[in-house]
Amino acid sequence: MSELALDLRGISKRFGQVDALDDVSLAAKRGSIHALLGENGAGKTTLMRIAFGMLRPDSGSIAVNRIPINLRSPADAIAAGVGMVHQQFSLVPQMTVAENVALGGRGRFRPQVTARRIADVARRTGLSLDPMRRVIDLGSAERQKLEIIRILAHNADILILDEPTAVLTSRDIGELFTQLRAFAAGGGCIVLITHKLNDALAHADEVTVLRRGRLVLNASMSEVNRSSLTSAMLGSAPAVTARSYKGTPLRQKVVAAFNGVTTEKQGQTPLSFEVLAGEVLGVAALDSGAATMLRVLAGRISHSAGSISIPTHIGFVPENRIGEALVPAFSLTENFALKAAGSRSGVIDWRAMHAAAASVIEDFEVMAEGAGVPASSLSGGNQQRFVLGRELHDDPPLLVLENPTQGLDVNAAASVHARIRAAAARGTAIVFYSSDLDELAEISDRVMVINRSGVKFTSPERQSIGQLLLESGA
Amino acid sequence: MPEVALVADMLVRATPLILAGLAVAIAFKGGVFNIGAEGQLLAGAAAATATTLALSGMPGAFVVTAAAVTGAAAGALWAAIAAELKRRFHVLEIISTIMLNFVAIHLVSYLVRGPLQEPTGIYPQTETFPLSARLPVVLPGTRLHLGFVAAVLIAIALAWVMKNTAWGFRVKAIGSSPRAAWSTGAIAVQRSSFMVFIVSGALAGLAGSIEVSGVTFALYENLSPGHGYTAIAVALIAALNPAAVIASGIFFGILQTGATAMQREFAIPSSLASVAEAALILAVLSVAAYRGRRLPGLPRKSAA
Chain A
1 MSELALDLRG
11 ISKRFGQVDA
21 LDDVSLAAKR
31 GSIHALLGEN
41 GAGKTTLMRI
51 AFGMLRPDSG
61 SIAVNRIPIN
71 LRSPADAIAA
81 GVGMVHQQFS
91 LVPQMTVAEN
101 VALGGRGRFR
111 PQVTARRIAD
121 VARRTGLSLD
131 PMRRVIDLGS
141 AERQKLEIIR
151 ILAHNADILI
161 LDEPTAVLTS
171 RDIGELFTQL
181 RAFAAGGGCI
191 VLITHKLNDA
201 LAHADEVTVL
211 RRGRLVLNAS
221 MSEVNRSSLT
231 SAMLGSAPAV
241 TARSYKGTPL
251 RQKVVAAFNG
261 VTTEKQGQTP
271 LSFEVLAGEV
281 LGVAALDSGA
291 ATMLRVLAGR
301 ISHSAGSISI
311 PTHIGFVPEN
321 RIGEALVPAF
331 SLTENFALKA
341 AGSRSGVIDW
351 RAMHAAAASV
361 IEDFEVMAEG
371 AGVPASSLSG
381 GNQQRFVLGR
391 ELHDDPPLLV
401 LENPTQGLDV
411 NAAASVHARI
421 RAAAARGTAI
431 VFYSSDLDEL
441 AEISDRVMVI
451 NRSGVKFTSP
461 ERQSIGQLLL
471 ESGA
Chain B
1 MPEVALVADM
11 LVRATPLILA
21 GLAVAIAFKG
31 GVFNIGAEGQ
41 LLAGAAAATA
51 TTLALSGMPG
61 AFVVTAAAVT
71 GAAAGALWAA
81 IAAELKRRFH
91 VLEIISTIML
101 NFVAIHLVSY
111 LVRGPLQEPT
121 GIYPQTETFP
131 LSARLPVVLP
141 GTRLHLGFVA
151 AVLIAIALAW
161 VMKNTAWGFR
171 VKAIGSSPRA
181 AWSTGAIAVQ
191 RSSFMVFIVS
201 GALAGLAGSI
211 EVSGVTFALY
221 ENLSPGHGYT
231 AIAVALIAAL
241 NPAAVIASGI
251 FFGILQTGAT
261 AMQREFAIPS
271 SLASVAEAAL
281 ILAVLSVAAY
291 RGRRLPGLPR
301 KSAA
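Top to bottom, those sequences are chains A and B. Heads up: the first sequence at position 307 corresponds to 307 in this note's numbering, and the numbers run straight through without jumps. Heads up: the second sequence at position 196 corresponds to 196 in this note's numbering, and the numbers run straight through without jumps.
Simulated from the structure, these hints should not be mistaken for laboratory data. Careful: at least some of the hints might be erroneous.
Taking CB as the label site, the calculated pair distances span [what the hints assert, rightly or not]:
(1) B:Gly226 <-> A:Asn155: 53 to 59 Å
(2) A:Ser128 <-> B:Val275: 58 to 64 Å
(3) B:Asn222 <-> A:Phe89: 49 to 55 Å
(4) A:Gly105 <-> B:Ser274: 56 to 62 Å
(5) A:Ser128 <-> B:Gly226: 57 to 63 Å
Computed footprint of chain B on chain A, listed as stretches where at least three residues anywhere in the stretch have a Cβ under 8 Å from a Cβ of chain B [stated by the list, open to error]:
(6) 332–344
(7) 347–356
Note that beta-carbon positions come from the ideal geometry of N, C-alpha and C, so glycine has one too.
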């Protein structure tokens with residue numbers, strides 16, 4: 001079954017002055033998982049948005065099942081059997097699984113008919129969900145699954161997934177790929193947009209690598225290996241490998257401590273632990289209980305029982321950069337001033353704010369045309385470096401980070417890691433939550449695993465973190 | 001000099017529009033959708049009237065100041081009802097402020113037929129203010145009163161406050177992204193939002209107070225021909241910028257004064273001006289939509 005399902009030829013697309021795509025081709029076959037690899041900004045998502053009819057190419061041709069097709073909108077793509085799961089979920093939380101699947105359909109909503117279609121998808125691929133459950137009650141892995149089921153229920157046989165593993169734990173990733181494989185084996189075609197080498201290496205049959213809008217590699221997975229893919233993705237620049245900066249001596253000074261702390265949201269298990277000056281304390285957790293704990297630790301929300309001791313100045317980098325750490329419409333200077341705006345009074349010295357924002361831009365190598373540009377004009381990596389720089393600007397004794405490298409490319413993530421390490425070396429206590437266990441193993445001095453029975457500590461090794469996490473899932 | 005008088009009339013008409021426009025602008029900037037400037041304006045007018053009549057015989061400057069202060073306080077109080085409903089029961093202020101407009105309209109009706117009715121008890125209005133309790137005229141021979149100067153100064157001051165102070169920045173932050181304001185700025189969003197209600201209501205209340213002390217010299221029904229609603233257009237056309245509210249307030253003042261004059265002189269229906277206003281607002285909305293921008297002040301979809 002090596003029939004051509006999706007054939008993109010010579011696609012070019014310009015946004016203003018920028019060549020987003022320059023003469024890129026991609027051919028995905030039936031029965032296979034095709035990885036589309038590249039760093040952030042390489043043009044992966046743009047290319048697939050063109051394949052899904054969301055953008056029109058400036059030049060080039062698209063064929064689905066060898067038939068040339070003119071895609072004017074996603075509706076055309078869906079009619080041709082192409083479906084796309086976007087990076088951000090597009091579900092209605094208050095509705096049930098069945099209602100979300102039926103959304104956008106025509107005619108009357110008949111729950112039984114929709115439930116049958118969902119069951120049909122489950123039979124073909126093993127992706128199953130209770131049609132009557134409400135989306136609010138689903139975890140992120142199940143929501144991801146629902147996004148895929150929804151598309152398959154509309155009879156798509158070419159499935160485009162944009163960074164589907166970004167929000168999943170490693171166990172869920174394994175399950176997802178088992179189901180994707182079943183879908184491919186049944187004659188489906190999958191294009192997997194990812195910047196994670198591991199996902200591509202472990203699960204794809206073919207690979208296309210983009211770099212800065214250009215095609216650099218188009219090969220079968222059997223012809224490539226980790227190092228050839230790395231150099232294809234990054235170009236001549238050497239991949240930044242970590243592990244070189246382990247072993248900062250721990251200063252035995254307690255910066256923050258939890259003693260039997262519970263919160264309304266996370267409820268059940270009281271948490272007790274200490275954070276020491278100069279250490280990077282990795283945090284792993286399966287469910288979202290960690291989000292609440294991190295915000296209590298950062299002094300953002302109050303706890304309901306137990307005692308905590310935290311410093312007055314705390315840097316906090318939330319996972320949701322643009323909604324929580326930055327106001328997109330504000331300039332960088334204004335976003336700098338946002339920090340601790342609640343406790344400021346009187347007149348703001350905008351000149352000083354501007355200078356401080358400019359120094360963050362310089363020190364943290366934020367690519368921006370000055371401090372006057374809006375935060376929304378920056379790329380994800382630059383936004384994150386700016387947030388990090390701002391939070392570290394007043395040298396807080398404690399820095400709390402929540403998935404700080406999510407969505408960043410390899411180089412951007414490495415530069416964030418390096419700066420976090422540098423802050424730890426200066427004595428800042430770092431609490432680093434990540435849903436990527438490899439990342440935790442790489443950056444932490446020790447790792448705290450939060451599970452249902454409380455917290456457990458372990459050395460920063462992937463195996464032991466994973467094991468502790470799984471124990472809690474039982 | 002009829003031309004001067006006409007220009008003065010336009011500025012007189014613009015005065016409540018500027019003040020109420022500022023009320024709406026600051027509310028929208030802070031993410032508070034106060035559609036109740038009309039009710040707050042009436043509450044301010046009623047309180048200012050009561051104060052003026054109660055203090056009759058006292059020195060004029062004192063009476064006028066006291067009327068302005070109580071008017072602003074009454075407007076703030078009227079807005080505080082909506083703020084408290086939102087804080088405690090999560091009642092949408094768009095609904096509650098509109099409802100409170102009707103309450104205020106009928107409250108004024110009651111007052112001018114009951115406790116505040118003029119002594120003869122014939123007309124549904126209050127006694128006319130004594131000359132000393134009226135706002136002084138700044139341009140002799142016209143109706144242009146001190147209230148216009150005050151409105152312009154307040155607009156300039158508010159523009160400065162929004163631009164330069166920590167308070168103004170907090171208002172912008174909670175209006176732009178309450179979550180970021182809370183999470184990064186450690187801003188007490190609820191409390192700041194309550195303050196925005198209060199300041200907005202006070203400005204609208206002041207508009208009502210200045211209207212009775214400077215123009216009508218009495219409280220009666222239909223005192224405001226919808227100033228509080230026009231104020232929403234004034235604020236939106238000014239892109240919520242307090243300094244620009246001066247210009248857009250004067251612009252609407254010109255339109256409305258001109259409409260009255262047109263009707264008087266040429267028998268052209270004054271509703272034509274309303275049509276022009278509406279067309280202008282539609283045009284501004286269309287341009288904003290064409291540029292693909294969210295209009296300032298309109299509610300954004302909340303993140304899931």
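Worksheet item: Does 49 to 55 Å hold as the CB distance between Asn222 (chain B) and Phe89 (chain A), or does it fail?
Response: holds, 52 Å
Worksheet item: Do three or more residues from the region 347–356 of chain A put their C-beta atoms closer than 8 Å to C-beta atoms of chain B?
Response: holds (count 3)
Worksheet item: Cβ-Cβ distance between Ser128 (chain A) and Val275 (chain B): within 58 to 64 Å?
Response: holds, 59 Å
Worksheet item: Regarding Ser128 (chain A) and Gly226 (chain B), is the given constraint of 57 to 63 Å on their beta-carbon distance met?
Response: holds, 59 Å
Practice prompt. Hint says 53 to 59 Å; check whether the CB-CB distance for Gly226 (chain B) and Asn155 (chain A) agrees.
Written response: Because 55 Å falls inside the window, the suggested range holds.
Worksheet entry | Stated coverage of the region 332–344 of chain A by chain B [criterion: 3+ residues, CB within 8 Å] | holds (count 9)
Practice prompt. Given the range 56 to 62 Å, decide if the beta-carbon distance of Gly105 (chain A) to Ser274 (chain B) lies inside it.
Written response: violated, 44 Å
Hint violations for this structure: number 4 only, all remaining hints satisfied.
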